[in-house]
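The lines below spell out each chain.
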Amino acid sequence: KNEVEQSPQNLTAQEGEFITINCSYSVGISALHWLQQHPGGGIVSLFMLSSGKKKHGRLIATINIQEKHSSLHITASHPRDSAVYICAVPYSGGGADGLTFGKGTHLIIQP
Amino acid sequence: DAGVIQSPRHEVTEMGQEVTLRCKPISGHNSLFWYRQTMMRGLELLIYFNNNVPIDDSGMPEDRFSAKMPNASFSTLKIQPSEPRDSAVYFCASSSSGANVLTFGAGSRLTVL
Numbered sequence: 001k002n003e004v005e006q007s008p009q010n011l012t013a014q015e016g017e018f019i020t021i022n023c024s025y026s027v028g029i030s031a032l033h034w035l036q037q038h039p040g041g042g043i044v045s046l047f048m049l050s051s052g053k054k055k056h057g058r059l060i061a062t063i064n065i066q067e068k069h070s071s072l073h074i075t076a077s078h079p080r081d082s083a084v085y086i087c088a089v090p091y092s093g094g095g096a097d098g099l100t101f102g103k104g105t106h107l108i109i110q111p
Numbered sequence: 001d002a003g004v005i006q007s008p009r010h011e012v013t014e015m016g017q018e019v020t021l022r023c024k025p026i027s028g029h030n031s032l033f034w035y036r037q038t039m040m041r042g043l044e045l046l047i048y049f050n051n052n053v054p055i056d057d058s059g060m061p062e063d064r065f066s067a068k069m070p071n072a073s074f075s076t077l078k079i080q081p082s083e084p085r086d087s088a089v090y091f092c093a094s095s096s097s098g099a100n101v102l103t104f105g106a107g108s109r110l111t112v113l
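First to last, the sequence lines map onto chains A and B.
For the first sequence, the working numbering gives the first residue as 1, with consecutive numbering after it.
For the second sequence, the working numbering gives the first residue as 1, with consecutive numbering after it.
Here are the in silico distance ranges between beta carbons for each label pair:
no.	chain 1	residue 1	chain 2	residue 2	range
1	B	GLN17	A	PRO111	42 to 52 angstroms
2	A	PHE18	B	GLY3	26 to 36 angstroms
3	A	HIS73	B	PRO81	45 to 55 angstroms
Derived BS3-like pairs: lysine-lysine, alpha-carbon spacing no greater than 27 angstroms straight-line:
no.	chain 1	residue 1	chain 2	residue 2
4	B	LYS68	A	LYS1
5	A	LYS53	A	LYS68
6	A	LYS68	A	LYS55
7	A	LYS53	A	LYS103
8	B	LYS78	A	LYS103
9	A	LYS1	B	LYS78
10	A	LYS54	A	LYS103
11	A	LYS103	A	LYS55
Calculated from the structure, these hints are not laboratory results.
Yeah, the Cβ is synthetic: ideal placement off N, Cα and C, and Gly gets one too.
Sequences are here, hints too, so could you generate the full structure?
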């Protein structure tokens, strides 16, 4: 089973700061997911990536397959970015499995 | 598409009662997943189906838990009898095989007293 480690667990920053959240996993994978869980509980898929970098608005996700590591960056952070960010990888490495999740990073952006 | 639909959104029940959670995946998605989220353990995979067939139920905590997918548009997760430690948010998610894009339902918050 893939093991997922996220850091930091908690992060409080000021509006406008550049945010980095890290994720490491133990088993080679086909793709990695970044999810966002809002205070209301809903979970939204932000990115699915298997190599390189993806960008969506102020969010950037990168992955290094060789090092089994991914980062999620938020540029010009805003209070509405406050949420839990969760990294997830296939349960046993393959693409058709369910996911195993990191514990999440609780991000608070203060105005 | 209305997305993945779960019901009920909230359920409060007493220990020993049967609980049934329901999920309607996105039309055309052929993989369906049940996850449980608790403060202590975070998100955990319970079981997943591919083309209505259970593929991996190793995450189901014990025999009190059972899941079915009688057709491509409906799945249930049943807990009988329920216990206070089953209190959690249960998420259903669906995806299209090979797409690796996962869509979550809004979750069912279960409280067992």
